[in-house]
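As given, the protein sequences belong to chains P and L, one line each in that order.
Just so you know, we're using my numbering here: the first sequence kicks off at 19 and counts up by one.
Just so you know, we're using my numbering here: the second sequence kicks off at 4 and counts up by one.
A hint or two may mislead.
Here are the computed distance ranges between Cβ atoms for each label pair [stated by the list, open to error]:
| # | chain 1 | residue 1 | chain 2 | residue 2 | range |
| --- | --- | --- | --- | --- | --- |
| 1 | P | ARG454 | L | GLN17 | 26 to 32 Å |
| 2 | L | ARG76 | P | ASP534 | 56 to 62 Å |
| 3 | P | GLU428 | L | GLU146 | 46 to 52 Å |
| 4 | L | TRP210 | P | GLU428 | 47 to 53 Å |
| 5 | L | GLU146 | P | GLY548 | 38 to 44 Å |
| 6 | P | GLY548 | L | GLY164 | 18 to 24 Å |
Covered stretches of chain P (chain L as the covering partner; in silico rule of three or more C-beta atoms under 8 Å from a C-beta of chain L) [as the list claims (entries may be wrong)]:
| # | segment |
| --- | --- |
| 7 | 471-479 |
| 8 | 569-577 |
Residues from chain P that face chain L, not an exhaustive set, calculated with beta carbons under 10 Å [claimed, not checked]:
| # | residue |
| --- | --- |
| 9 | TRP415 |
| 10 | GLU428 |
| 11 | PRO431 |
| 12 | MET432 |
| 13 | SER435 |
| 14 | THR508 |
These are computed hints drawn from the structure, not numbers from a lab.
The C-beta atom is built at its ideal place from N, Cα and C for all residues, glycine as well.
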Amino acid sequence: MQISRSLTALAVLLGAVSVWLVLASPPPGTSYAQALEMAPASMAVDGTLPGRPPDGLDWRPLDQRELAGWRDPYWLRWRLPAPVAHDAADRAMRLSLRAASQLFWNGQPLPGNGQVGRTADEEQPGRIDIVRVLPPSSPTGTDELVVLASSHHQWFRPRSADAFIAVGPVESIYGHGLGAWLIAALATGALGAACLYFLAVRRGRPRVPGARLLLGLGVIGLALPAVEAWRPLLGYTYPWHGPRLLALQLLHLAAAVLLPAYIARRFCVAVSTAARVAFLAALVAVLAFLPGFDNRGAALLLLSLLASAWLLLRARDEQEERWPILTLVLAGALALPIAGGAFLDGPYFLFLAVLMGFLLLRHAAQLRALDRHNALLREERARLSLQLLQRGIQPHWLMNTLTCLQELIEQAPMRASRLVESLAEQFEHLRESSTRQSVPLEDELALCRNHLDIVGLALDRNIGFEIDADHTGLCLPPGVLHAKVENALTHAGAVACAEQPFHLRVRREDDRWILDLRAARGCAPHRGQGTGTRYIEASLAAAYPRGWRFVQGADGAGWCSRMELTCAS
Amino acid sequence: MRILIVEDELLVRQRLLRLCTELAGTRARFDAVADLDSAGDRLQRSVYDGLLLDLNLAGEDGFDLLRSAVAGRYHCVVVSAHRERALQAFEHGVLDFVPKPFTRERLGLALDRLLDVGRYRSGGARYLGIWHAQGTALVELAEVLWIRADGDYSQLRMRNGRSELHDKSLASLTAVLPPDFVRCHRSYLVNLRHVRTLHAGSGSRYWLVLNDGAELPVGRAHVQALRGELALGA
């Protein structure tokens, strides 16, 4: 089953990423170019900015790093080979530049982008990406784009200016990338639906490990493509570029922390405090010292995916859940070094959406399975309650006791009266216990002592019950010790039980309660295989799923039973 | 007549002993023991005619005990709290089943049946317990062709040709056998289920032919009754 799930998850991921890559690839006829040269803009005598590209500028080769630090007005120049005549009339250009800008195409002004200014007050920030339909090409065979720009509202200094243009057919320039983002939108919608479905399934149910972490990851999976798509789909003025990058970095950091945290919690993998601190320190170090936005994001996610894979390999349970997740995580970890920043710009959302969708759906399936299990437990509890009552009024014991009562009424009325009182008390204990899933040890002991009182009255001998217990806070499924007492009386006989009193020892070891009950042995060969034992085992299984152990056997003249129960805490 | 009471509950044992002694008067003497080992000792040392037996003695399966008890020469009355297993007890060949808690009157009826076993017949037994060296074996009565008196014992002839010896006399067995078994001769009980024909032989002697071809003698005193039984059966 885990193999088919792993392959399905991987196939969905590869399919989504493939479609994304196809739709995001540059359309035919589009060319990209960085600016070739840059030059500071010189002011006129009256201090105004030049209205057209002046001659004799101090052009220098473009240095994106240096340009990233320029604030005052500056010039940029691109030179492109002019296209052949037949498609020259249908061209557009996308300019990406963190600045307010004024554009000149072959010396002719194009519509501006914001207001270039000498100071921050004068400048009106332009949009980070703009598209302009281009005039006809130059007959000289070379087109020239000159841009006057200023970047006074850049709040932090990025590593690179990332100034480039894409020139191509109008349809390609306007529509480029929309298909890819449609895939991202579909993935985001599916993830949103999975989150809502998970919330609906989770509502009103008991908490399960890691549910909040998973929902946190889901929110990040929804927020990341929204923040990423903000630029290509809606656009913004360039001062927002810094906060957007910061938001993306924080989302990457949060995802890097939450994914391994969820996996550790979900699969109950113990992680030492030192390992946690080391992991967080590594993330912080990446943020603080690694240059470049894409490098930091990729490093954060690679660390997160490797840590997640390590945790999944250390987990022992739920193979069918672990392998698909491990496959996805390893696929993501492999893609990061290969694709780097390209992975972060697109396929990463798809990876996160597929992974999160898988986790949410599996988690919801687990909740439903837990529901079914709880329903079975409720049913089992009702059955056990009924069985407890039935055992309390089982014909052999009750009818024998009533026969004894008949004799006592005729021979010893006072003892008969006490027997009636004890019987009434016994049935009250049973009625009360049968309505509860667990009872304090003191109540269970009272039920046992009451039962022994009744048998002792019929026998006219006291049957002892010695307790050696530090039992504060211990609760038991009702009737389990009572069933052991009944078994001893049935198999060993009341006389043997009177000669060898019951002895109960209760102690706590680490996270377990251990109850040792010693009673008379008797000689019945089939002891330990009857309805009493089955009742005890079913009750413990219902109350302590996967957290109980019950063994019994002869020990010399005694019959020893041991229950081990995992503490609820 | 001597009757042994086997009951592990002290008060119930006392009650049985007291009531039985009052009800039987001089017709019987009673002894009471608390467990099967003591019962075995008593049965070996003394001759008892009947048992009043509790089915659950210190956790032992009552029907293991019952098979041993009904295989003996004595008749058995079960006094038990396991009311739901009464029918099964009759199938194992007990004379009566007294459910606990019991009244003086109900116990009296069972005692009468035990003390005057000859007056009662057509029981509900489906099995008979047979003593073997290895223990007690059960024989299904439907598999028995006929039963022949063999001194104080009875010989059972099975359909598969085997014979088994039972500790009870023919007269004692009659009290627990189902109506299928009828007396056809002073020394024979026949299972009507396996009778093919009744025919007259030479010298006014009558014979029953069984399904396996074997023939059983029919006593003159039983011919008329047997004809009636066979006609009813037809």
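Status of each hint after checking the structure:
Between ARG454 (chain P) and GLN17 (chain L) the C-beta distance comes to about 39 Å, which lies outside the given range of 26 to 32 Å. Between ARG76 (chain L) and ASP534 (chain P) the Cβ separation comes to about 48 Å, which falls outside the hinted range of 56 to 62 Å. Our hint of 46 to 52 Å for GLU428 (chain P) and GLU146 (chain L) holds, since their Cβ atoms are close to 47 Å apart. With their beta carbons about 59 Å apart, TRP210 (chain L) and GLU428 (chain P) fall outside the hinted range of 47 to 53 Å.
Distance hint check for GLU146 (chain L) and GLY548 (chain P): the Cβ-Cβ separation is about 32 Å, which falls outside the suggested range of 38 to 44 Å. The hint said 18 to 24 Å for the Cβ distance between GLY548 (chain P) and GLY164 (chain L), and at roughly 40 Å that hint is violated. With 3 residues bearing a CB less than 8 Å from a CB of chain L, the segment 471-479 of chain P meets the requirement of three and the coverage assertion stands. Evaluation of the coverage hint for the segment 569-577 of chain P: breached, as 0 residues show C-beta separations to chain L shorter than 8 Å, against a requirement of three.
Interface hint status for TRP415 (chain P): upheld, as the beta-carbon distance to the closest one in chain L is roughly 8 Å, under 10 Å. Interface restraint check for GLU428 (chain P): the shortest CB-CB distance to chain L comes to about 8 Å, inside 10 Å, so the restraint holds. Hint on PRO431 (chain P) is violated. Least Cβ distance to chain L is approximately 14 Å, over the 10 Å limit. For the restraint placing MET432 (chain P) at the interface with chain L, the shortest Cβ-Cβ distance is roughly 14 Å, beyond the 10 Å limit, so the hint is violated.
Interface restraint check: SER435 (chain P) against chain L, minimum CB-CB distance 15 Å, threshold 10 Å, status violated. At its closest, the beta carbon of THR508 (chain P) sits 5 Å from a beta carbon of chain L; the interface hint therefore holds under the 10 Å criterion.
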